[in-house]
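Residue-level listing of the chains:
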Amino acid sequence: MFHIYCPHCEDHREEEEFHASGEAHIPRPLDPQSCSDEEWGEYLYFRKNPRGLHHELWVHAVGCRKFFNITRDTVTYEIKEVYKVGEKPSVTSSEKNQ
Amino acid sequence: MSDSTASNVESIAQMDQLPHKTGSLQPRAESPLYHADLATLSAHSADAGGVEIKEVKLLGHLVLRGSIEDAEFLSGVKEVLGLDLPGPLQSSLQGEFIAYWVSPNEWLVLVPGQQAFQLERDMRSAMSGNFAIVNVSGGQTVICLSGANAVDVLKKSTPYDVHNKNFPVGKVVTSVFAKTQALIFRSGPESWELIVRRSFSDYVWLWLQDACIEYGLVIKD
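Top to bottom, those sequences are chains Z and D. FYI, the numbering used here numbers position 42 of the first sequence as 903, with every residue one higher than the one before it. FYI, the numbering used here numbers position 13 of the second sequence as 17, with every residue one higher than the one before it.
Calculated directly from the structure, the hints in this document are not laboratory data. Please read these numbers as outputs of a predicted model, since none were measured by experiment. Some hints could be false.
To be verified - As a list, the in silico DSBU-like pairs of lysine-lysine whose alpha-carbon atoms are at most 35 Å apart:
id : chain 1 : residue 1 : chain 2 : residue 2
1  : D       : K169      : Z       : K949
2  : Z       : K927      : D       : K159
3  : Z       : K909      : Z       : K949
4  : D       : K159      : D       : K169
5  : Z       : K945      : D       : K160
6  : Z       : K949      : D       : K175
7  : D       : K175      : D       : K82
8  : D       : K224      : D       : K183
9  : D       : K169      : Z       : K927
10 : D       : K82       : Z       : K941
11 : D       : K159      : Z       : K941
12 : D       : K58       : Z       : K927
13 : D       : K25       : Z       : K945
14 : D       : K82       : Z       : K927
15 : Z       : K927      : D       : K61
16 : Z       : K941      : D       : K169
17 : Z       : K945      : D       : K159
18 : D       : K58       : Z       : K945
19 : D       : K82       : D       : K25
20 : D       : K25       : D       : K160
21 : Z       : K941      : D       : K183
22 : Z       : K941      : D       : K160
23 : D       : K175      : Z       : K945
24 : Z       : K927      : D       : K183
25 : Z       : K909      : D       : K183
26 : Z       : K945      : D       : K183
27 : D       : K160      : D       : K58
28 : Z       : K927      : D       : K175
29 : Z       : K941      : Z       : K927
30 : D       : K25       : D       : K224
31 : D       : K82       : D       : K224
32 : D       : K160      : D       : K183
33 : D       : K160      : D       : K175
34 : D       : K160      : Z       : K927
Here chain Z stands alone, though its shape is the one from the complex (with noise of 0.2 Å):
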C-alpha cells in the first residue's frame, strides 16, 4: 500500500495508477532549429540522477490522466511535496547536484 496524492483529483490513490515520468521542469527550446547538435542532445537525452531531492513528473494514468509534479527524496523515496504543472515547488535543495 503506497498511496500518491493527485492534486487533480484532490485524493489519495493507490501507486499502481501513477507513472512516473522522469525529470520535471525541462523546457524545450525556444527555437530547436537554431540549436547545436550538443543543446538539443542535452535537452533531449541528458537528465540529472541526483542523490536526495529530485523535481519528477508523474502523470495520473489510471485516473484523471492528468500530468502533475512530485518533488521526491530519492535515498528515502518519501514523497515532500506535490504540485501542479505551472507550479514552483516550495520544497527545493541548494546542494550542487540539483
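Add chain D to chain Z, keeping to what the hints say.
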C-alpha cells in the same frame, strides 16, 4: 477566424450510433456484452444471491471537454441537459441524464441511447469556442452491481477504498479494476455502476462472474 470556426464545426463528423429503421433496413445495435447472451444466462440464474449483475445496454455516452472557467460552455450544458457539471469525484443527476466528473476538464454524460445524437447536436449549437463533445456510446458499457455483497466484490477488484467513509453514494472514481480500469460510481448504499471499455467488457464480465461465485450471483437481463 469566425469563418474557419464555422467550417470546422460543419466538418465535425457526427454519427447517430443508434439509427432508426430506414426502409427495410433495420440496423441492429449490439452492446459490448451482446455475445455473453445475458438473456439466456438470466433465465437460468438463481433468484437470490449476494450480488446482482445487470448490464445497462446501449445508453448514450457523451464525453464533454471544456474549461470550468468558460461560462458559455457551462451554460450550454445547463441549457441542454439542465444540470451543473460536477466537481472532482462527484456526479450530477438530472432526470434521465447523469454527469460524472472524469478529470478537471472532462465529464462523461450518460443519456438514453436514442437521445444521444440529438443532444450532441443541441449542445454543439448552444456552445462556441473551445470545447469537445464525443459520442463514445459504442465504445463502452455500464455494468450494475448490487446486493449486500457487491462491496465485497469491489474490495477484491480495486485497490481504491470503497468504505462508506471514503466512498459515499454519488461519488465517482476512475481506478484500477481487475487489472484493467473502470469508472466506478456508487449509485446507492448497496448498488454500484462500472463503466468499462468495450474491448475490456468481456474480461470484466468473466472476472465478475468468477469473483461473485462465493456470494451467489444473480444475473439480470
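Exercise for the section: Run the structure past the numbered hints and jot down the numbers of the failing ones, going up. Expected result: Failing hints, ascending: 10, 13, 18 and 20.
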